[in-house]
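Enquirer: Position chain B relative to chain A; hints supplied.
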Amino acid sequence: MAKAPIPEEALKQEFGPHLNYVPPGGWKDESIHPAEKLVKTHCCFCGQQCGIQLKVRENQIIGFEPWEDFPFNRGMLCPKGVKRYMQSGHPDRLLTPLMRSPNGFRPATWDESLDFTVSRIRAIQEKYGKDAVAVYGGASLSTEKSYLLGKFARVALGTRHIDYNGRLCMVSAGTAYKLAFGIDRSTIPWSEIPKAEVLFVIGANVGECAPITTDYIWRCRDNGGRLIVADPRMTPITRNADLYLPLRPGTDLALLLGMLHVILRDGLEDHEFISQYTAGFEEVATYAQQWDVRRSAEITGVPPEAIEKAARWVGKSKRAILLHARGLEHQSKGVENCSAVVNVALATGNIGREGSGPTMITGQGNGQGGREHGQKCDQLPGQRSLADPAAREYVADVWGIRPDELPQPGYSAQEIMNAIHSGEIKGLLSMCFNPLVSLPDANFTREALSKLEFFGVIDFFMSETAHHADAVLAGSLQEEEDGLGCSAEGRVIHWQKSIDPPGQARCDSDIIIDIAHRLGRGQYFPFKNPADILEELRIASRGGVADYYGITYERVDKEKGIFWPCPDLDHPGTPLLFADKKFYTHDGKAHFNKTEWRPSGDPIDDQYPLYLTTGRVVSQYLSGTQTRRIGALIDQYPEPRAELHPRLAEKYGITEGDWVTVTTRRDDLTLRALVVKTIRPDTVFIPYHWAGIRSANRLTHRTLDPRSKIPEFKVSACRIKLATSPDMSPDDRAAHNGASRGGP
Amino acid sequence: MFGYEFYIDPSRCIGCRSCLQACEECETHRGKSMINFDFIERRESITSAAYVCWHCDEPTCAQVCPADAIKKGEDGIVHSSLKPRCIACSNCVLACPFGIPKMMEPEQQMMKCDMCYDRTSVGKRPMCATVCPSQALAYVRPEEIAKRREKPTNIFYFGEQKITTKVFMMAPAERDAITLDVVDYMWEEIHEVAATIE
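In order, the protein sequence lines correspond to chains A and B. So in this note's numbering, spot 441 of the first sequence is number 441, and the numbers just go up one at a time. So in this note's numbering, spot 90 of the second sequence is number 90, and the numbers just go up one at a time.
One side only, chain A facing chain B, incomplete, derived with CB under 8 Å:
no.	residue
1	G63
2	E68
3	M76
4	I212
5	D215
6	W218
7	P236
8	A632
9	V675
10	V676
Quick caveat, the hints were computed from the structure, so don't treat them as lab data. Positions of the beta carbon are idealized from the N, C-alpha and C atoms, including for glycine.
Isolated chain A (complex conformation) (with noise of 0.2 Å):
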């Protein structure tokens, strides 16, 4: 039943995306009805998480102020930040439950849809098994909310499928890092970032996608830093990097490996790191010599002095940072991506001193928070292994109930929507995740959410995916709930509640509580408001890798932040982790990963000779439901073009601003060209922010790496055409066909 109840564009028209373009009350108001407060809080985009100040009046979001003492961003802001507040008091903003009716959305009361809710869940568990229902969360939610959608997942409703959007970011990296370290985690704080000699930023726009790290590099080179980028694109901090390596599409594996070639070749390791801080140092060196430059170059397409001298550079350096993204964690060999950054690092003794250290930027608002405390599949609170029995048993008692209760390991994203589409799973709880516009091969997931016989949706917009649902119940924004969030550097920060959620609209954790409530579990959901859930979770994540024991908010308030783990009230944090040279692995060592190269999960052919690569841009934030409905953000980049190399333009026969159609093996899109020398000529990049007959998902494959679960969205094969117009795509035109025909 879960298709569209009437046609896309009918309901496009009632719930938007329309465009926001003035404050509350208009752009000359403020001068007049000055705001009431100011709320010192963190922007909702991006694991940046900067400080910012919103102005508050009459339980509206008026503007902003820099937020300055705050020390991570001191002010600075991206444009997404600069006009976050316009998402508030939104004219598309849910302010009442919906249900499903034939004419498109019918609002209804908290009761109505609850119960529905509750009573569609139970027959499907009744029927199917508990494991019939699958819960989605996402990284913009507070520490708090995910740590209760981890538990309402295992206890309210006992299914063992509960994974979160946070599976499309960084979790490569947070694979690799806890093979390596036994944490996932930074290692640094980014103060460490401008102390580095060497920066090796690679697969990592930082310029639009962790804006404000711009200004950590660029003091890192006014203290005589060099900077190497290593991405098919030159994005914006390239125009000052010292050396720029430019590889193909999914190639970041080789061109790690020849570093470490060439680092181990020329005696650049550093032995006494190795032998007394590390494990596993032989099958990786064995490995390596594999791997000369000219076998390197070949497969990157990177000329074999740059790679030399790359290696030589981060080889000779005491102080090297490594920072990577999704560039390579958004690959089939994520994982072993991310494991060979860590490998030149730990050859290199450059971890646990002085601007020294492996780096991930995670990408998603709570990207970090959100990850450690339970809406992952296969983890407890803590950071715990949730097939851990040790972690079972303690995370069990602090709930109350059996270890043999709590459900096993489930699905992750992708996988949970495979489930539903071979029928396995056939209800489906969602809250704050877009998986039509964020998830691989969105055809599929069109199909698969048309098979929901069960389908309810938390969210404050109406997402595209929210258009399948049966009820879509109003929730809340970050800035109208209190909670923590945890930023890309490990710091643990405050989201001060700034409003109220308007109307009807609830705080998302209220209504979890309440379903949990009307499911017969509320005994296990006593929870009267954040700082309630704050204080069990700080139990339940003590004596876990990630302990938040000594967190509380008014520490987090006075000390602008606190880094995790924080075992105790009086523990000051850990900004750098491993000074001590001690590690979270089992024998207390730092270990190697060998990293087999294998290739892509949508190879390259005659066919499809062209490799497709998908990101962001810096005035849009993952699938766009909020920064799609910002008229200035959209002004600043209004919709998806197909970036292209002259020389592969001229092949074709196109020219800037032409219509070109992009082909996979899934489907093909038709957006604009945008014709520029700072992309490999092999290399198209489309952003992949936006829907339906615009949403670069649909050309994406659903290849997982099998460790982390991570879609390959960084390399697909494809080729191009000149188009003659925006024609929609046959898929497309079925899509609104069927949707205006009505479910089956």
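Expert: Using the frame of chain A, we list chain B on its own:
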């Protein structure tokens, strides 16, 4: 703000346009951005640049104004045209060597960057320089800017015209002034330039 200066360094710009978005939030011209922003040549490169007004010591815009509508304050800030005086002739738009003034429709008034007069006059930093993620636009103390690779200058040569400004431009460390004309780099000309600086 006492002790703070404005510095522009296009080599740090990442083209994010945070300055444009933030300028729009300034009280005196809310909803309108006064930043000048360009991708230099997007087809050729990712280089971009964002500029505010340089606030010339002897502003050309004011000199060419037939209505005497453009005023410089004692603090060196050159303001938007005075609405009652401005005749929207665009002389200033055409004459400014930096291309800063904008003729605003439908107001029919020249408006320009006033270095966030509403903020700086009450001890706050200008909006654009506060938010700029790359600090290509920076409002800091001189000792802070001295840590950079580049060196500030506020002397510009546009052919025969020498301009000194309140706002500084970051230039390669070995440069004292910014000049765009080839002749200014020719051996026989350098002597003349040096004499002018004296």
